[in-house]
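*Asks:* As a plain string of letters, each chain reads:
2 protein chains.
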Amino acid sequence: MQAMDIEKVNSMDFGEFVDVFGNVIERCPLIAAAVWSQRPFSNLEDLEKHFFDFIDALPQSGREGILRCHPDLAGRELQQGTLSAESRREQSGAGLTSLDADERLRLAELNAQYRARFGFPFVLAARRSHRAAVPRELARRLRCPPAQELRTALAEVKKIGHLRLADLLGAPPARL
Amino acid sequence: MQAMDIEKVNSMDFGEFVDVFGNVIERCPLIAAAVWSQRPFSNLEDLEKHFFDFIDALPQSGREGILRCHPDLAGRELQQGTLSAESRREQSGAGLTSLDADERLRLAELNAQYRARFGFPFVLAARRSHRAAVPRELARRLRCPPAQELRTALAEVKKIGHLRLADLLGAPPARL
Chain U
1 MQAMDIEKVN
11 SMDFGEFVDV
21 FGNVIERCPL
31 IAAAVWSQRP
41 FSNLEDLEKH
51 FFDFIDALPQ
61 SGREGILRCH
71 PDLAGRELQQ
81 GTLSAESRRE
91 QSGAGLTSLD
101 ADERLRLAEL
111 NAQYRARFGF
121 PFVLAARRSH
131 RAAVPRELAR
141 RLRCPPAQEL
151 RTALAEVKKI
161 GHLRLADLLG
171 APPARL
Chain E
1 MQAMDIEKVN
11 SMDFGEFVDV
21 FGNVIERCPL
31 IAAAVWSQRP
41 FSNLEDLEKH
51 FFDFIDALPQ
61 SGREGILRCH
71 PDLAGRELQQ
81 GTLSAESRRE
91 QSGAGLTSLD
101 ADERLRLAEL
111 NAQYRARFGF
121 PFVLAARRSH
131 RAAVPRELAR
141 RLRCPPAQEL
151 RTALAEVKKI
161 GHLRLADLLG
171 APPARL
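These protein sequence lines are chains U and E, in that order.
According to UniProt numbering, the first sequence is numbered sequentially starting from 1.
According to UniProt numbering, the second sequence is numbered sequentially starting from 1.
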């Protein structure tokens, strides 16, 4: 995907917009499709703000629902080759596609504990992490209170969305 | 997919639930993933009510967003073989997979006019229709006021969802 400017974004019909931005929030094309209603956008920050405002306005079940559309890190979908292109690239960037059997098993156990405790999968902006840090961070977050962890996980969703939008618009990502 | 009873549904973890019910609302697994928060469900009607309540509570942009996740009838995705399994079955049931070139062209023109007028695609519970009725109904709805048409289109989304849920739970669909 070639980088584009905001005029190009504002000229898109909804079909094109959903094709391009449908996975800014993992497996939630509904959100991009809703954001199209808010065009024109003045710049990347403005476009991003509409994605995040939509998320924040959802009831708690909807915000949990967004998390439940995410794959486990180094999980079944990576093994089966059914990750989204963006997620595959991000997990690969963090070295999660080349774990040895022990590392994979350890992460699978932690992922299962996390899912059982919180009712959603562990979400992390993997591109900003690396294979050794992921299980440490997972183990740490596993001990957080549920309400705090929901906030943390949604902040990670937004970091992922920020990086994906910056990729699409060819902008250097802001500090997170 | 074998039919299942409500106890089976209530025993699902969120991964299984989203696998099974993720396309009750076309390409909006977020909605099934949110509905899982409301378990246990007392029966099919109760489960369905949670899907519909979630839709109704969305802001207008979100309700339009749901529509924008739907494919055109007899459109590009049918030609390219990228329809969801449910949508392919429904369009096929209405005879839309075997249109001749003139019928396809006529429908493509009407679909384009509809998208340009309303900012979302024409959505119809195709399984309850047939190939001759579809362009007539499209031409009729093309003349409706936008606010009324949004309500009509969302009522079709719910009919589709009702039929898909009834399939999954092995229940005879209620009169619509």
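Please note that a few of the clues may not be correct.
Unchecked claim - Coverage of chain U stretches by chain E, computed from C-beta distances (three or more under 8 Å per stretch; other residues unrestricted): (1) 35–42; (2) 55–64; (3) 127–138; (4) 141–155.
Derived by calculation from the structure, the hints in this document are not laboratory data.
Quick reminder that beta carbons are idealized off the backbone N, C-alpha and C, glycines included.
*Asks:* Would you mind marking each hint as holding or not holding in the structure?
*Replies:* Hints versus structure:
1. 35–42: It holds: at least three residues are needed, and the segment 35–42 of chain U offers 4 whose Cβ sits within less than 8 Å of chain E.
2. 55–64: Coverage by chain E holds here, the residue count being 7 at a Cβ distance below 8 Å.
3. 127–138: violated (count 0)
4. 141–155: Violated: only 0 residues of the segment 141–155 of chain U have a Cβ under 8 Å from chain E.
Checked against the numbered hints above, the structure violates hints 3 and 4; every other hint is satisfied.
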